[in-house]
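Student: In case you want the letters, here they are:
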Amino acid sequence: MVVGEFTQEANLVVIGSGPGGYSAAFRAAELGVPTIIIDSRKELGGICLHAGCIPSKTLLHIAETISLGRRAAAFGVEYAEPRIDLERVRAWVSQSSDRLASGLSSRARKLGVDVVSGRATFDDGKNLSIHGGSIPRIKFRRAILAVGGRPLAHPALPFDEHIVINPWQALRLESIPTSLLVVGGGAQAVELAMIYAALGSKVTLAAESAQLLPSGDADIVRPLHRALVENLNSVLLGATIASAKVDDKAAQVSFSTKDGAREHSFDRAIVAIGQGGNTLDLGIDHTRVECDSDGFIRVDDQMRTGESRIMAVGDVTGPPWSADRALAQGRIAAEVVAGWNSAFDARAVPRVVFTDPNVAWCGLTEAQATSQRIPHRVAKIPWGSSGRAVGMNRVDGLTKLIYDPDTKIVLGIGIVGAGAAEMIGEGVLAVEMGVELDDLADTIHPHPSMCELLSDAAR
Amino acid sequence: MKDFKLPDLGEGVHEGQIVRLMVKAGEMIREDQPLMEVETDKASVEIPSPFSGTVAKWHVEEGQLVHVGDVMVTVGDGAVAAEPTQSGSKPEAPIARPAASSTTAGSNGGVAVAATGNRRAPASPAVRKLARKHNLDIETIQGSGPNGRITRADVEAAASGAAPSPAPRARSAAPQASTRPAPMAPAVEPPGEDDQDKWGPIRRQKNSRARSTIAANMAQSWSTIPHVTDSDDVDVTELDRLRRGYPAPENGDRKITMLAFIVRAVARALGSHPEFNAVFDAENDQIVYRRYINIAVAVHTERGLITPVIRNTDQLNVLDIADALDELAQKARSAAFTVNDTRGGTYTISNPGALGGSRYSTPIIPPGQCAVLALGRTRLIPWVVNGSIEPRLIMPVSHSFDHRIADGGDEIAFMKHVIGALENPARLLL
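So the protein sequences, as listed, match chains X and W.
Under my numbering, the first residue of the first sequence is numbered -16, with each subsequent residue one higher.
Under my numbering, the first residue of the second sequence is numbered 66, with each subsequent residue one higher.
Be aware that one or more of the hints could be misleading.
[Stated by the list, open to error] As a list, the in silico SDA-like pairs of lysine to any residue whose alpha-carbon atoms are at most 25 angstroms apart:
{"#": "1", "chain 1": "W", "residue 1": "Lys89", "chain 2": "X", "residue 2": "Arg209"}
{"#": "2", "chain 1": "X", "residue 1": "Lys109", "chain 2": "W", "residue 2": "Val404"}
{"#": "3", "chain 1": "X", "residue 1": "Lys391", "chain 2": "W", "residue 2": "Ala389"}
{"#": "4", "chain 1": "X", "residue 1": "Lys241", "chain 2": "W", "residue 2": "Met93"}
{"#": "5", "chain 1": "X", "residue 1": "Lys391", "chain 2": "W", "residue 2": "Met93"}
{"#": "6", "chain 1": "W", "residue 1": "Lys70", "chain 2": "X", "residue 2": "Lys122"}
{"#": "7", "chain 1": "W", "residue 1": "Lys396", "chain 2": "X", "residue 2": "Leu14"}
{"#": "8", "chain 1": "X", "residue 1": "Lys93", "chain 2": "W", "residue 2": "Ala389"}
{"#": "9", "chain 1": "X", "residue 1": "Lys93", "chain 2": "W", "residue 2": "Asp391"}
{"#": "10", "chain 1": "X", "residue 1": "Lys122", "chain 2": "W", "residue 2": "Ala389"}
These aren't lab readings, by the way, just hints derived from the structure by calculation.
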């Protein structure tokens, strides 16, 4: 340290201002802990707000609006093909993010959270250097790391930020390619495939797994699979990229699948195969924080790391990656810093894919119950029997319950279909509360509705 | 061989007509592959197969009316190895990604499924939170509800029945002493560096900053202030009855501790006896009377004894004081606590009774103050009331004061004021 260099002392420093970071900072401030939040962006909100959840969900809503217009033809209402003004779509997305970011800033001001922009690196377990910020160094009593993830690159198809791009860049909609390859089979990949297909690209989705959304049950993924087959150019499962040739115009990609090898050329490729922990440039090796080989930080149920002063929350603690989990962990870390005995003991974290149809589940899946030999029984109802779904021409859905055969306690819930992302909220509450089938069955649900299928399934 | 029966079709539909059979006998099917289409009076539904295998025999035909529970088809366990494995066997396979291990930290902080498969007693998130607040492991609490459901009352019973835990901190990595049989007397290992004196092995532990500060303050007080300690008993039976019924129901189930009332009583008495809110200034041969009342409350933490201050205590009502005490206790054990929170105290209350021990003691006056009140453990004892013996709740108190500032008569008057208020507590609410 340079003699005379200014060092700010802080009770709590939160690094990263995505959902994990801002929820931690705001909760800590509410509990009276003086807090500084640091982010390399000027605006609060992190990837979620500026390059992830919010832009992608906004674009998926736009995609769904387009598809609703087409579906209306079934009941005799026909619209002309939509004309998409890409400039205004982009403007709408960035307006939405900006509006939310300014909401976060005013919340920070009201709570007295200091916001510092700059890149933070650890000098040791209690000192941070801030690069490009107004304060050169911070000595902290506690730090909460909420630095998120970074997109994983595919070894055969490395990012060049031009033809081969990552999901964050893809959501900026720099252009709509005529032919697009989306690599990956997880939530991010299927959502991006659906967005670009709606905006006019001929999309090929190539996943290494035998099933899209491999951690979801096959039956609740199937309706989404059908919708993708219908809307995309092709969906390749069990497909590995054998080699790829990328020049400044196109990517020539050869796949090997169980049906043999094939080769295609694409104007653009989005690689969405998951993420690693965003811990590379953090100086983490100057601390006792432990990372695994993917850069994820090990934490206990109170979000503590191997270094007693440092905690970590959100995507940087490993999968399942989701903003809702980060929000919850952020609050817990802040409460622990404030001396509360809080812990992350959620029994159900919602897993939601905002495609059309939505796929959502929480708690135990049927596949997990089977492979872990947990005694269980399954009740499911296809939406073809729902008066509401029939009238809306949305029978492409399924509601299922996984429950304990002895106690009849609901262990998991899966829903696929229009609006499942909203409906799973009831499912999460049910699993957290440990409700029995009769609790769901005897709770009066609106009729006709899709949500009443939860209570039908429980009967 | 497995029989597939027509499953529940929902919305009170018990029967339907088979529109078409979608697989033939002898055909191999995968789990979830559509088997047949059934038309009910509401809609037509594709029925998927719940298992994989070879279709051995159809028991129904197209056009037939079928009922929920009827056997539709028999499926043999015929080899289906040629089919790619569906997710059933590998539920948590990582999303397609190039060779990379994906065992991660997620299993600690992230994965939220019913984990290891051992059944967990149902308990709502609010009840689980309450258990943590009491430092109880929810899994060790016996649930009284159906299926062993743990209720709020179960947690409260476990919390009050638990032996008073000496350490305020009782979770995380260290095994829970209270829930396990005591190990064979492993003597407590003192901290510090091993050394030897002429009688045997010893350890030398360098003092922490906090320990050094406490030591210096106590030595200074003890050697400069002529202490007098007065001990007395307070009948808090009425106070206990009052606090249990207080506050009004609109404040919910908020519980007010005895301590909040005691702080209030002392703050009032200090207003009438300013010498106990003063400090002796030997250098200038003066007594400095403060015109503010800041009562400090001793809190035992893992960092040692600290005394956070409730500022302008005389301006707070009992409910305010209870809030302030909650906040201090929480803050004192957290990163939010700073040395400023312990400065400016004019009188100190220490509550060793809350730790389970102590009747009378000889508390040491903190530097800069005139007096300190130590509360012993309240207990039910036989007490003479109006000539007869009754069980009464009695709290022993010990009060040390600086004899340079006040004399015995002053102190007795002050304590009378405090004790009088605690024994006739209704006036503390005004």
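Student: Does each hint hold? Answer for all of them.
Tutor: These are the hints, each one checked on the structure:
With a C-alpha separation of about 23 angstroms, the suggested pairing of W/Lys89 with X/Arg209 holds against the 25 angstroms cut-off. Taken as a hint, the X/Lys109 and W/Val404 pair is honoured in the structure, with Cα atoms around 19 angstroms apart against an allowance of 25 angstroms. Restraint check: the Cα-Cα separation between X/Lys391 and W/Ala389 comes to about 45 angstroms, which exceeds 25 angstroms; the hinted pair is violated. Distance restraint check for X/Lys241 and W/Met93: the Cα-Cα separation of roughly 19 angstroms lies within the 25 angstroms cut-off, and the hinted pair is therefore satisfied.
Taken as a hint, the X/Lys391 and W/Met93 pair is broken in the structure, with Cα atoms around 33 angstroms apart against an allowance of 25 angstroms. Straight-line distance between C-alpha atoms of W/Lys70 and X/Lys122 comes to about 67 angstroms, which puts the hinted pair past the 25 angstroms bound. Taking the CA atoms of W/Lys396 and X/Leu14, the gap is near 9 angstroms; set against the 25 angstroms cutoff, the hint holds. Between the alpha carbons of X/Lys93 and W/Ala389 the distance comes to roughly 22 angstroms, so the proposed pair stays at or under 25 angstroms and holds.
Distance restraint check for X/Lys93 and W/Asp391: the Cα-Cα separation of roughly 24 angstroms lies within the 25 angstroms cut-off, and the hinted pair is therefore satisfied. Distance restraint check for X/Lys122 and W/Ala389: the Cα-Cα separation of roughly 29 angstroms exceeds the 25 angstroms cut-off, and the hinted pair is therefore not satisfied.
Hint compliance for this structure: hints 3, 5, 6 and 10 are not met, and every other hint is.
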